[in-house]
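Student: Going line by line, the protein sequences match chains Z and U.
The letter at position 575 of the first sequence is residue 575 when you use the working numbering, and the numbering goes up by one with no holes.
The letter at position 352 of the second sequence is residue 352 when you use the working numbering, and the numbering goes up by one with no holes.
Hints were generated in silico from the structure; no laboratory data involved.
Computed from a predicted model, the values in this text were never measured in an experiment.
Please note that the accuracy of each hint is not assured.
Stated by the list, open to error - Taking CB as the label site, the calculated pair distances span:
id, chain 1, residue 1, chain 2, residue 2, range
1, Z, T56, U, G657, 39 to 49 Å
2, Z, D656, U, S112, 51 to 61 Å
3, U, S326, Z, R511, 48 to 58 Å
4, Z, D516, U, F509, 48 to 58 Å
By construction, the Cβ of each residue, glycine as well, lies at the ideal position given by its N, Cα and C atoms.
Single-letter residue listing:
2 protein chains.
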Amino acid sequence: MTALLLIILGGLCAVAYGIVTIRDVMKRDAGTARMQEIAGAIAEGAQAYLKRQYATIGIVGIVLFVALAYFLGIKVAIGFLIGAVLSGAAGFIGMNVSVRANVRTAQAATTSLGGGLDVAFKSGAVTGMLVAGLALLGVAIYYTYLTRGAGLAPASREVIDALVALGFGASLISIFARLGGGIFTKGADVGGDLVGKVEAGIPEDDPRNPATIADNVGDNVGDCAGMAADLFETYAVTVVATMVLAAIFFAGQPILEAMMLYPLAIGSACILTSIAGTYAVKLGANQSIMGALYKGLITAGVLSIGAIAIVNFALFGGFGTTFKTSTGVTFTSGGLFGCAVIGLAITALIVVITEYYTGTNFRPVKSIAQSSVTGHGTNVIQGLAISLESTALPALVIVAGIISTYALGGLFGIAIAVTAMLALAGFIVALDAFGPVTDNAGGIAEMAGLPADVRKATDALDAVGNTTKAVTKGYAIGSAGLGALVLFAAYTSDLNYFIANASDTQYRFFRGVTVDFSLSNPYVVVGLLLGGLIPFLFAGMAMTAVGRAAGAVVEEVRRQFREKPGIMKGTDRPDYGRAVDMLTRAAIKEMIVPSLLPVLSPIVLFFVIQAIAGKNEAFATVGASLLGVILTGLYVAISMTSGGGAWDNAKKYIEDGHHGGKGSDAHKAAVTGDTVGDPYKDTAGPAVNPAIKITNIIALLLLAILAHQ
Amino acid sequence: MTALLLIILGGLCAVAYGIVTIRDVMKRDAGTARMQEIAGAIAEGAQAYLKRQYATIGIVGIVLFVALAYFLGIKVAIGFLIGAVLSGAAGFIGMNVSVRANVRTAQAATTSLGGGLDVAFKSGAVTGMLVAGLALLGVAIYYTYLTRGAGLAPASREVIDALVALGFGASLISIFARLGGGIFTKGADVGGDLVGKVEAGIPEDDPRNPATIADNVGDNVGDCAGMAADLFETYAVTVVATMVLAAIFFAGQPILEAMMLYPLAIGSACILTSIAGTYAVKLGANQSIMGALYKGLITAGVLSIGAIAIVNFALFGGFGTTFKTSTGVTFTSGGLFGCAVIGLAITALIVVITEYYTGTNFRPVKSIAQSSVTGHGTNVIQGLAISLESTALPALVIVAGIISTYALGGLFGIAIAVTAMLALAGFIVALDAFGPVTDNAGGIAEMAGLPADVRKATDALDAVGNTTKAVTKGYAIGSAGLGALVLFAAYTSDLNYFIANASDTQYRFFRGVTVDFSLSNPYVVVGLLLGGLIPFLFAGMAMTAVGRAAGAVVEEVRRQFREKPGIMKGTDRPDYGRAVDMLTRAAIKEMIVPSLLPVLSPIVLFFVIQAIAGKNEAFATVGASLLGVILTGLYVAISMTSGGGAWDNAKKYIEDGHHGGKGSDAHKAAVTGDTVGDPYKDTAGPAVNPAIKITNIIALLLLAILAHQ
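Can you build the whole structure from these sequences, using the hints too?
Tutor: Next comes the structure, spelled out in structure tokens:
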């Protein structure tokens, strides 16, 4: 119980950090009345969007809550509710801080770059810490209630099912928030640019563009709320899946509870190191913003190694203790510590690789900029080439991670590595949520007509924001892929458990089931193929949705220009609210069907194959499809997010004065590449993450429901 | 022996058809001196390219020949030689007919559309029949020699190894020809367009553009020789893999030889039906070119059902005979017939689906054309969305094919379905090789200044050529994916065979090996991930190579314009030869490294994993990597070829007068999409096919070499 209390205390530290930092941010100067007016419009739009999004998810959520309560009992349904509500809360609070910090960042940038960085990063850190803290608290407190309050055994099915449902609640928010937010933000961005930059010839963030507020709203609902929901989910499902594996592998052993608490303890310890990391973010004498952020990340990472070592001593008495799982695998507590360190190393490597592929100092981005000189076509060709190529190094890192952690700790070792990777989520989300704040700050500076040097400071912050957004996306997809592998391991372990314990009185559905997961079973091949299809089809649908939403924005802006000719002359104000409102409706409508694809496919697949070939093959097909989703999803998502980031920065590189600079033909080609990259990196690519995870978690729930038949 | 003789007779019919048709085509009027001069330059460039390509492959080939002779004996090395030489011959002869038929097509089109169609289609049919005929003859005659002449038992390892090596010979030509030809053709196309259309403002095929001959050469070396090598390979490896499966499944049974001959007999019978189909290609009263081609395809398909039924009676005495494999699976000869019919149905469905995604009459192409109205960016976004979406239906067809044929005939049933699918390769390649001939005919008409109505006829033929090229690519990737699955089945069956028969005296390497191909083995996951990476990385490298080759073309053309200002005025002739020569060197250089990726990866992977984790995991990882390549390769290749075809035809659709027609802003955006689609559909996408197959065949050879240790 002491361990649990300490874990919860760690989570509460994150919440406390959030409260203190929100107060600190809100105390800052909010700028002129004009700036506050603009920021108010952004905040209003963002809240209106999130309200409608949550209302829509709420309807789906209520149906699922009732279904879960009916099939699996009220404790499981409450787990689902906790996951959904806390994930929503993290996104909602974080975004509300974001839309208040943007204007304060712009104002702080009027005096110094360091001041702007301070406000922007702190507001991002609020979101980050809330994501990690609330996810940890949700799992830890509900687990405490279930095992202490309700007196259930830690490894009992009811506890496992309730925790899996908690992950599912987070997943549900995640898939909708990622996709809806992504469609909103890129519909606004692409549509606004098309009609503003291309047709009307006005710059980005020009207040005469009726879509400009929507564009700034989009940054918040997409990058802030969407990313928060995504990583909340990965965090929650990874911790839960690791606990499920612990419950299966160590059932009946005295070490069981310590093993189940290990992922929670790592999470809790790393919240403290992440908080410490935030205090290391200080602009040095060289004025390098990225350098300041990396200082914080490295501090958090190095401290985490020590913190996890302490956890090892506290739970296992050091590094020499040997364990044996129910499946006969042996490893030591030192091996598990090694896995955690490897998890941190994977994080570091993915950050470095992503920066290489999306940073303006390296070959990939420069090659796209160079190819822009010969036109739109060659820019896009080179961008696609880079996007395909960028999958290789992350894949090799992930493979090396799997092989080394499996050698050290078997499947449980892989799970611990992913847990450690995600333990830094608080800090990493802080880096990402920093992006929309600085982006907004630049927009507000532009719209409010602040002096040029303010805009220069916000631009510098914004450029770093682009890199941190790309880096976070690399981390998000890498961790989602590995987290999904842990979920997949949980699926096979769970399935084996049900089959082994099936009898007349329990798990009757699994009596006599034998599942052949071998690659020579054609149903495994079929599962891999159908699972592998999901990310392609899903990404295609997401791209189409952005195209449609952007088209709607174009129509709306054209209509406003036509009906109010004074807008372009600056004598009439555009109706920003209508554009926001229209996009809100479009994004919510467009997110439904693609979201259902990964949600329903494991269920439909199971029952279709069961009808064709029976239970055994249905379990094999669904299992293989989970791995198929992970496999192609990883590549599709990495290629889209890295490629999109590279396109974006190739444009920035040209704008910095290379190949003819702004306004040159190369720049025009680079703008095309950036437009293509927008839905790639901010809608389709990131939305593949929750798609990967949700198919896996649904499959786990399906097993639980079948076990109750 | 009678059966074998009849099979060989069928193959000889294809060769006879080729000879007769070549004579027929060569008799046609070759047009004016100017036309012949242009055609001569194209022919010269194409031959120069192929010579250098074969010389380069020859060096690699000699090394491999010696290595195979050393490791596996001279009979195996000779098998390799046969595969390589015949594949090269099919491509070389076919291309030489193509570069003579182009000018005759242009000349025939001066009198009638039907005349042009007749010449173009017949010359394509020569390539098609040579591909199917030579592939069949190579396998059948060498098998006859090995089992009759050399007196080896049909199921002996030496026979199997020699046949697999024959497939490998074809693979080697295929990967280089696909990639080198693809880089050449799209380097010329993209580079020529960039500097001609965009910079100098001259139309496509303008004789003043120094890259215009290279562009026409590219059509022949890419679409004709490259596609021929690709399908020769799929044909050969599928037939061989099916025979290997038959040898393993029916070893020691009286039915063994009939089962091994079954795929050959299906191939032979369908050569006859394909020839019959070519005679059904006649322009009807409605002047529909596509309709005429489909008449031929449908005729060939329907006749094939009957022909395969006859084969069933000849080999198995009807549909009711029951067989049992050594692995305990039972099925009937009627079931196998059903599998063959399903194979034909898959072909038909893939043709229909590809036409839907790439034809100008349907939603996908129209949506890309529509999105061109709002600019380059939205054109590319919608094109990418369609390319991703287009993977879904083919995947579902393939999955349905796997499930149904497995139910009817187990793994062998799947192999028979793919065999039947490929039995139509002769006719399908004819459709594809038709494309470059009409494309060239249009170019010659333009360059020779023929009257506008001739150009209109060749344009009509060319538009159909675009569709048939896209359709053939869909078929090529679908069959390659399924063929690779058969190869994968051969890998696992072969591996099991070696393990089961390992002793002190034979297959010593496999003693005590137990391979866990289950998805819960992390090395299987690692294999899937690493295999899945290959198509992404390979496609990225291919795209980059095209970009570089196109850049070199731009430089060369700019240099010529600069040094000879008379070119643009029409007073000086460009040096076409230098552009061809330069591209030849660039394409050959660029094809080497990407080609080695799929060739070396199974070998490197095996030895690296063996060093890390031992033999068992090495076999599991390599096996899983084969399936990983198939899985992502299928999706990457389908999305690229369909997406590229859709972009191409969206441009054509706009040129037909929609959305403002030629010269409008929408058209400019569509040209960008077409440029992006070029390397997608003609280089990277199609080159993934041989990459999929060659990894699988290398793995089979690796087993054979290890068995000889």
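Student: Which hints, by number, does the structure contradict?
Tutor: Violated hints: 3, 4; rest satisfied.
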